[in-house]
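So you can see what is in the structure, the chains are spelled out below.
4 protein chains.
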Amino acid sequence: MSNTFGRLFRFTTWGESHGPALGVVVDGCPAGLPLDESDLQRDLDRRRPGQSRVTTQRKEEDRAEILSGVFEGRTTGHPISILIRNKDADSSKYEPLRNLFRPGHADFTYIKKWGIRDHRGGGRSSARETAARVAAGAIAKKLLAHLGVSILGYVDQVGEVRWDGAHFDADEIERNIVRCPDAETASRMEAAILEARKAGDSVGGAITVQADGVPPGWGEPLYGRLDSDLAAAMMSINAVKGVEIGSGFRAAGMRGTENNDPFEMKNGETSVRTNNAGGILGGISSGAPVVVRFAVKPTSSILIEQDTVTASGEKTTVKVEGRHDPCVATRAVPIGEAMMALVLADHWRLGLGSRIGESD
Amino acid sequence: MSNTFGRLFRFTTWGESHGPALGVVVDGCPAGLPLDESDLQRDLDRRRPGQSRVTTQRKEEDRAEILSGVFEGRTTGHPISILIRNKDADSSKYEPLRNLFRPGHADFTYIKKWGIRDHRGGGRSSARETAARVAAGAIAKKLLAHLGVSILGYVDQVGEVRWDGAHFDADEIERNIVRCPDAETASRMEAAILEARKAGDSVGGAITVQADGVPPGWGEPLYGRLDSDLAAAMMSINAVKGVEIGSGFRAAGMRGTENNDPFEMKNGETSVRTNNAGGILGGISSGAPVVVRFAVKPTSSILIEQDTVTASGEKTTVKVEGRHDPCVATRAVPIGEAMMALVLADHWRLGLGSRIGESD
Amino acid sequence: MSNTFGRLFRFTTWGESHGPALGVVVDGCPAGLPLDESDLQRDLDRRRPGQSRVTTQRKEEDRAEILSGVFEGRTTGHPISILIRNKDADSSKYEPLRNLFRPGHADFTYIKKWGIRDHRGGGRSSARETAARVAAGAIAKKLLAHLGVSILGYVDQVGEVRWDGAHFDADEIERNIVRCPDAETASRMEAAILEARKAGDSVGGAITVQADGVPPGWGEPLYGRLDSDLAAAMMSINAVKGVEIGSGFRAAGMRGTENNDPFEMKNGETSVRTNNAGGILGGISSGAPVVVRFAVKPTSSILIEQDTVTASGEKTTVKVEGRHDPCVATRAVPIGEAMMALVLADHWRLGLGSRIGESD
Amino acid sequence: MSNTFGRLFRFTTWGESHGPALGVVVDGCPAGLPLDESDLQRDLDRRRPGQSRVTTQRKEEDRAEILSGVFEGRTTGHPISILIRNKDADSSKYEPLRNLFRPGHADFTYIKKWGIRDHRGGGRSSARETAARVAAGAIAKKLLAHLGVSILGYVDQVGEVRWDGAHFDADEIERNIVRCPDAETASRMEAAILEARKAGDSVGGAITVQADGVPPGWGEPLYGRLDSDLAAAMMSINAVKGVEIGSGFRAAGMRGTENNDPFEMKNGETSVRTNNAGGILGGISSGAPVVVRFAVKPTSSILIEQDTVTASGEKTTVKVEGRHDPCVATRAVPIGEAMMALVLADHWRLGLGSRIGESD
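Residue numbers (our numbering), protein chains in the order written: chain A, -5 to 354; chain B, -5 to 354; chain C, -5 to 354; chain D, -5 to 354.
Just chain A, same shape as in the assembly:
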């Protein structure tokens, strides 16, 4: 069950990094949504390896092929199966890694769990799987756009370079290769990434994803809270080590008078004056933007020699060759957006019928 996400708008991914293909089956998308392959391609291109000098140089076109669930240009309500071929897998670099455990990777835990693993490119544990989520997320985004919801992500930290929040230019995000909303910060981030790469090392980062237009009332109480689902969603992305909603960890240092968001009327609607809650109160959307931030660790694959052991328990060292991102934050932006979209699409369906007389 662990390869499926969502309850009503749900998807199941499959495939390994160096297998013939990977893919996703999206189930629960409502019928009647106009959809074709070009709808999926924009975000796949944003996630694609080899797109810039701060990403891995593996070249994949990541062309999505829709095999079911669409008829005469519209969704039918039936599962949408999407296939993406692997074309540039080079397994030769992985042969020396077959019988040792790369630090920071899932090699050791996978072997302990299953007794067998596809070591080529990390197999199932590779972030290549995220292409499938991004394709699914593109469908969710299209549905959400129809419902008036839009989603935007950006990088706000790379290593020690943090965006100070002063200048935000939405158009700037896709203009620079790190996806930061401020050009000047972006160039410092890019320098930090290239410096790490030059040292054979890698660097961490953080991403903010925001959803605008979510109406009040989406989300469930308790164990289906919107924030709980978003935390699970973001933490399911490779390399993510922390998730926060609204004021997040800063709230630990605050007082109630600072952190509470006063209510006020704005254009006849009950609104919050500030948004420390990140758009979610009691697990349910308040109508304010839904704001999530998550941290990604520095890429585990580095060219610097590290201590480790072999599968048979001998001490050794490893330099992880192959083609890797020196910082995964920039490519994580469309992935985080996809997960946000998938959670919201699911909650849209979940919420229908919450009260008598509304949807019946």
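One should not assume that every hint holds.
As the list makes no split between identical chains, a pair holds if one copy fits it or if it spans any two.
Below, in silico cross-link-like pairs of lysine-lysine (DSBU-like), each with a Cα-Cα straight-line distance of 30 Å or less [what the hints assert, rightly or not]:
1) K106 with K192
2) K260 with K53
3) K136 with K313
4) K106 with K309
5) K192 with K309
6) K313 with K260
7) K313 with K192
8) K81 with K260
9) K81 with K309
10) K309 with K260
Calculated directly from the structure, the hints in this document are not laboratory data.
Given the structure of chain A, go ahead and fit chains B, C and D onto it with the hints provided.
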């Protein structure tokens, strides 16, 4: 479905803050576990209101009554239903709040979602629900103890007072009323809480929960990752705004060489030298302690006047009277432990049968 | 997970036959539905033991107590917890059965699965659990009534006495103690039951449940088919051995020309001329009445001596004393209705959002 | 969620009858199982169209391609994605059916639910989807074989020809084209099918599926009963109208003394002398063969003119041309076996950890 948590070891909670009772049904506990009501009481007492001068003064005994699933002192494999009566509910203080929205609370979002809400004590959105989780968690802890796993939580931050990590004394945790592992820090934390209370204000905090003895191989890949489930679990607790695993948000500022945990042999076992991963690699336990940290916001209910609006859209102000914790961090310790235990118990069952020849 | 039924309108039951109480938690009922305990009592009374000379003589009031989820007479959207106390349990008759396996009962399989069982009154395997479903079903029925759907069940077979289908009088059903829609057949059924009881034996039967007013379009394709869910629902009732939809097993002997239901226009609506499909095509309701029939085996508890073995493998014989129904068909009517209602309520919610532009 | 079946050993199917391909993703198969494409082919060939003169003449090779989850000949514990190309789809015959409702088919209900449908070959409602289940079932069968469980299905009724149960020859089943265990009955069944085809009509039938070697203790109580899951599984197959376990509907006419299966010791094991229970007591396997029987209606697509209406509500008639099975029972045998296998594989995993000390 939103009042149920877990897949195989799962529980469903019910009840409102000022209703006659609240409770939980635990399904999926294996048969044969010795269990009686005293097993639940220790953690219920740690979570109980009115236990010290830094918590709310509502007095509840929180006596758990087991109504099913136990026969002659052992679990039967059938659902364990636990009932906790509400005895000291005082709804009078809530009458003035019936038609306005308390900042930081779920009043507004609940009304937008359901069109009706039990305003007494916050109804279903009250943290009183967590008594039910703690009772369920006590069963999970007992099962885990049988499997060699123990769980320990503590407060590491209250407002601006952060524990520096220098001195850790496990026995100290329950000796001081804030549940900090260092006595000196604990007294500064207590002072910070009492100062906030005196000002009619509240203060946030952070909690670390650690599980020792989890063998390598627990957890699922992708959407059933142990870290993903833990993030959802902690974020489902009232007032939680952020969750991190291992190095967490610090990882964003680190390099791969710093954050990667080298493997080494220790007592014949493959082990990690450091534990930035928080005991989880690729969503699966590595054998190192599983470490989660989460932030709680300052209590939303404060005695200081705040701007808000009424249900009919008029501007007003509110001071939230009633009995409230000035800082929820200390009582969140057993709740965080319970959620950790419930996630781990679930993953223990989920993992059985992962490979041929092991469990058949 | 096996004590929970349903996806969005779902319920979880708990409790043993001779424990202090049993109950159910209903999650997913929309907010705003008027509800109080009297709504549950009518069907509980129809299911209650001791109601007539053809049922067991155990006397239980089966008073349902609502502990949560209802505020000022209306549902709130939160879990509805219902408690029913056991009052007339007499465990003395079960002591001799503690260490042997009653034929037809779950004694043997429960011990093989869990290694422990509450032998008193069958413990969790007792049909007493169905009181909890009937209470949950009463809520579903109330919701369905609001949506224009009504449900009616009746006995159509007791042993070799089959109702010929000639005379159907809905009002007759509750007028006779076997719940047959034809008075004359009812009296022959009653005689068959009493004759079996007199012989210390028991007799099987069959029940039809019909839902009227289900609009076209409820149900899901493939593994969420309305008929698939109904089959699971009915087969989950104690003693049920077969389920059929519409023409059911008769269809095996038919030709397409006989079994196909031609479409025609009736009052401007596309309708079926006959209803061999039982109101379901491709897993989805057609607008015609949804018709399910199920068979119950003769009660396993009989006073006639039968061969069996003890838990330690010795040959022995057993006469099952205690208070038992000689035929469970009559009390199965409200249970079957409850399960039909619960499946339909779930599908109502599931279907919302199936297409763009309808529910958004 | 409706395109997924199972809890732990689960699968998700996708694809339309005349789309480019169909497929299935199997999640939860344990690691280490030897598997290659030839393992899937035997059952796919048994289900394949065009295999004999009593089946449809559509020619499909139904070659299964495994795209993931297998590494160096063994399963890895990760999702197994299987792709089957559609090669002989001929949509021209369906063009006249685009805007009318074929009696007995899902055309009308699909349009009412989704407002759009792929009319070519029935789209998603086509029994072509069952190829995907058969592929998934072949994996489940291989796992079960490893656990000592084997599954066998056969046709016991075609129209009015019923097998009398007298002679059972397992080897005969695949020797005749109707899959009946008695050669003489098989030839009468074949005649019945060919006669119906000649008349442009179709005929129903019934199938029995039996699992041998299931140990006592598989299955869950209440809503996860083995019989309940089997009923749902069989009823999810196209054209199935009834399901029974063991004595099934005959139990309605029986007395307890006849239907109860006495226990006895056989080779040191507690066993049942008869098997009216069909191997399941209280939802849990008893160690006796698990026996399910299901009825399939006569194929809805017939060449005889039938009354119907168009999508715009006009009266019309229809003869359903195209290539159809005159009786679906024979091809339903491997499908029923697959569903039995999938239910059992799921219950094997579900049951692990049911009691303390067994699997930990």
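Here is what the structure says about each hint:
1. K106 with K192: neither (34 Å within a copy, 53 Å between copies)
2. K260 with K53: Neither: 49 Å inside a copy, 40 Å across copies.
3. K136 with K313: neither (42 Å within a copy, 40 Å between copies)
4. K106 with K309: Close inside one copy (18 Å), not across copies (47 Å); limit 30 Å.
5. K192 with K309: This pair counts as within: shortest intra-copy Cα distance 27 Å, inter-copy 58 Å.
6. K313 with K260: Only across copies: K313 and K260 sit 22 Å apart there, 57 Å inside one copy, limit 30 Å.
7. K313 with K192: within (15 Å within a copy, 57 Å between copies)
8. K81 with K260: neither (53 Å within a copy, 41 Å between copies)
9. K81 with K309: neither (35 Å within a copy, 54 Å between copies)
10. K309 with K260: Result: close only across copies, 11 Å inter versus 65 Å intra.
In this structure, the earlier hints numbered 1, 2, 3, 8, 9 are contradicted, and the remaining ones agree with it.
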